Amino acid sequence: MSHHRPDPRRHGRDRRAEILPARPGRERFTGGAPSTAVIGGGIAGLAAATALAERGVRVTLYEREDTLGGRVAGWPVRLADGSPATMSRGFHAFFRQYYNLRGLLRRADPGLRALTPLPDYPLRHRDGLTDSFARVPRTPPLSALGFVALSPTFGLRDLTALAPRAALPLLDVRVPEVYEHFDHIGAEDFLRRVNFPPAARHLAFEVFSRSFFADPGELSAAELLLMFHIYFLGSSEGLLFDVPREPFPQALWQPLAAYLRKHGTDLRTGTPVHRVCPHPDGTLTVEAGDGTAGRYRAVVLALDTGGLRHVVAASGELGTPSWREDVAALRTAPPFLVSRLWLDRPVRADRPGFLGTSGYDGLDNISVLDRWEGEASRWAARTGGSVVELHAYAVDPSAEPKAVQRRVLRQLHGIYPETADARTVDARHEWRADCPVFQAGGHHRRPTVRTPHPHLVLAGDLVRTGLPVALMERAATSGFLAANALLAGWGIRGQTLWTVPRAGRSRPLRALARLAGEHRPRSRRPGPALP
Numbered sequence: 010m011s012h013h014r015p016d017p018r019r020h021g022r023d024r025r026a027e028i029l030p031a032r033p034g035r036e037r038f039t040g041g042a043p044s045t046a047v048i049g050g051g052i053a054g055l056a057a058a059t060a061l062a063e064r065g066v067r068v069t070l071y072e073r074e075d076t077l078g079g080r081v082a083g084w085p086v087r088l089a090d091g092s093p094a095t096m097s098r099g100f101h102a103f104f105r106q107y108y109n110l111r112g113l114l115r116r117a118d119p120g121l122r123a124l125t126p127l128p129d130y131p132l133r134h135r136d137g138l139t140d141s142f143a144r145v146p147r148t149p150p151l152s153a154l155g156f157v158a159l160s161p162t163f164g165l166r167d168l169t170a171l172a173p174r175a176a177l178p179l180l181d182v183r184v185p186e187v188y189e190h191f192d193h194i195g196a197e198d199f200l201r202r203v204n205f206p207p208a209a210r211h212l213a214f215e216v217f218s219r220s221f222f223a224d225p226g227e228l229s230a231a232e233l234l235l236m237f238h239i240y241f242l243g244s245s246e247g248l249l250f251d252v253p254r255e256p257f258p259q260a261l262w263q264p265l266a267a268y269l270r271k272h273g274t275d276l277r278t279g280t281p282v283h284r285v286c287p288h289p290d291g292t293l294t295v296e297a298g299d300g301t302a303g304r305y306r307a308v309v310l311a312l313d314t315g316g317l318r319h320v321v322a323a324s325g326e327l328g329t330p331s332w333r334e335d336v337a338a339l340r341t342a343p344p345f346l347v348s349r350l351w352l353d354r355p356v357r358a359d360r361p362g363f364l365g366t367s368g369y370d371g372l373d374n375i376s377v378l379d380r381w382e383g384e385a386s387r388w389a390a391r392t393g394g395s396v397v398e399l400h401a402y403a404v405d406p407s408a409e410p411k412a413v414q415r416r417v418l419r420q421l422h423g424i425y426p427e428t429a430d431a432r433t434v435d436a437r438h439e440w441r442a443d444c445p446v447f448q449a450g451g452h453h454r455r456p457t458v459r460t461p462h463p464h465l466v467l468a469g470d471l472v473r474t475g476l477p478v479a480l481m482e483r484a485a486t487s488g489f490l491a492a493n494a495l496l497a498g499w500g501i502r503g504q505t506l507w508t509v510p511r512a513g514r515s516r517p518l519r520a521l522a523r524l525a526g527e528h529r530p531r532s533r534r535p536g537p538a539l540p
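Counting the sequence shown from 1 gives a position; this note's numbering is that position plus 9.
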């Protein structure tokens with residue numbers, strides 16, 4: 010794919026973002042459109058379904074749960090005081106460099122009015138050190154230098170103590186080459202080699218690595234370097250982000266569902282898929298949990314790790330033995346906890362809407378939802394209370410859930426003492442263990458968008474894309490790539506994509522990084538090609 014200079018006035022403030030045009034072709038099907046099943050109604054599946062339906066493809070979307078959104082879904086609950094509310098799997102940050110995700114949301118909300126910015130992304134360590142990104146410049150390399158200048162955890166002495174040659178690769182992260190050089194190294198091992206200051210390591214990078222739902226000791230150094238590129242030296246969008254003004258279903262997925270129905274998509278929520286059976290003529294049959302079976306020209310598997318393993322294992326004729334083995338080898342991250350508390354009194358007015366935490370016995374962040382979410386704000390205004398959410402990532406699988414819930418609650422009371430005497434009107438605790446884990450050495454076995462079957466494609470944040478994307482943006486991008494792969498085979502123009510630059514954006518810094526090139530360690534497997 011070639012890249013061109015984008016129009017920053019229309020697509021964001023970063024003038025160096027890359028545009029990746031789809032292959033040329035007809036605008037859309039005007040008759041005799043192929044039928045396609047999209048299995049999975051999370052961000053990846055919704056992106057694939059959207060791109061296909063817009064081109065006239067007859068799309069049927071299967072989703073196991075009763076609601077859309079996948080790991081960003083929400084569902085109705087009734088609180089102990091009789092109030093209706095929406096529960097979810099927890100806070101998500103919609104960063105400004107999530108170009109493709111934001112493009113998906115613009116289908117139903119062209120002005121992104123459903124999102125609102127949070128003023129800061131503060132990080133607090135138990136030792137009392139706090140980092141903030143509100144005043145950090147956004148344009149690289151000033152962003153990294155500004156962080157060093159303003160951070161109490163990373164001083165000039167720490168900067169001079171860095172191991173220069175080991176740190177140079179941070180200045181020119183190239184995708185997908187970063188996986189060739191650094192995927193076999195653990196993130197913690199890499200930071201030790203760089204002599205990264207311990208306080209900054211625990212505060213900033215531990216918070217980021219745990220946002221992947223993984224312990225820093227498990228995470229691939231390549232993924233860590235990719236995050237550094239996306240948020241610091243590769244993009245001028247910075248680390249500030251937006252959040253939905255209302256719960257996820259009302260703000261995001263119900264409007265997008267209406268958009269998909271308008272384009273003829275058959276949305277089958279509450280309908281798991283058990284098997285996909287290929288036929289000699291290239292078509293595939295999808296066997297659903299409601300006893301129905303549909304035959305399709307193509308299938309998009311947009312499932313989480315466990316769901317993908319299950320469907321592939323049950324579909325004995327799908328793919329090649331080596332492909333099936335790679336899917337079976339996929340791992341999920343350790344369990345995580347989301348505790349949402351409806352309290353009978355307010356959190357102090359100067360508390361941030363979101364606070365990342367480190368060193369607090371497993372508590373990873375605190376959100377005060379009534380600061381930005383309309384439903385929570387209305388409940389707080391009516392009752393005089395507040396709505397607080399706690400996250401604990403990468404929990405020891407052997408830990409007793411209620412003990413973890415009590416522990417993170419104690420940490421909240423220590424960080425925000427005014428909550429210690431609050432009465433809990435209601436509490437909901439969500440335990441999940443379905444996120445992919447990107448451990449050192451595992452990248453070469455992660456599947457790509459294309460599969461051994463020409464009409465079966467994959468999407469999801471577990472999929473290799475060959476682009477500098479992560480988390481929700483990786484899911485959205487992979488969904489569009491999956492749709493593009495099918496559309497290209499049918500001679501139909503696909504979706505144009507955007508990313509942060511696929512290499513370091515500063516020429517002097519790239520020159521410095523090249524000094525370390527011949528000394529970089531290499532993994533035994535080559536990096537992936539762009540699907």
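These aren't lab readings, by the way, just hints derived from the structure by calculation.
All of these numbers come straight from a predicted model, not from anything done at the bench.
There may be inaccurate statements among the hints.
What the hints assert, rightly or not - Here are the computed distance ranges between Cβ atoms for each label pair:
1. E409 - H272: 31 to 39 Å
2. G91 - E439: 37 to 45 Å
3. D359 - E334: 25 to 33 Å
4. A89 - A442: 22 to 30 Å
5. T505 - A170: 38 to 46 Å
6. G91 - E409: 29 to 37 Å
7. G120 - R432: 51 to 59 Å
8. R174 - G279: 24 to 32 Å
Think of the CB as a built atom: it goes at the ideal place given N, C-alpha and C, for glycine as much as any other residue.
Against the structure, the hints:
Taking the beta carbon of each, E409 and H272 are about 48 Å apart, not inside 31 to 39 Å as hinted. The supplied range of 37 to 45 Å is broken by G91 and E439, whose beta-carbon atoms lie about 22 Å from each other. Remark: the range hint 25 to 33 Å for D359 to E334 is contradicted by a beta-carbon distance near 54 Å. For the pair A89 and A442, the supplied restraint of 22 to 30 Å holds, since their beta-carbon distance comes to about 27 Å.
The hinted range of 38 to 46 Å is satisfied by T505 and A170, whose Cβ atoms lie roughly 44 Å apart. Taking the beta carbon of each, G91 and E409 are about 31 Å apart, inside 29 to 37 Å as hinted. Our hint of 51 to 59 Å for G120 and R432 is violated, since their Cβ atoms are close to 40 Å apart. The hinted window of 24 to 32 Å between R174 and G279 is violated, with their beta carbons roughly 55 Å apart.
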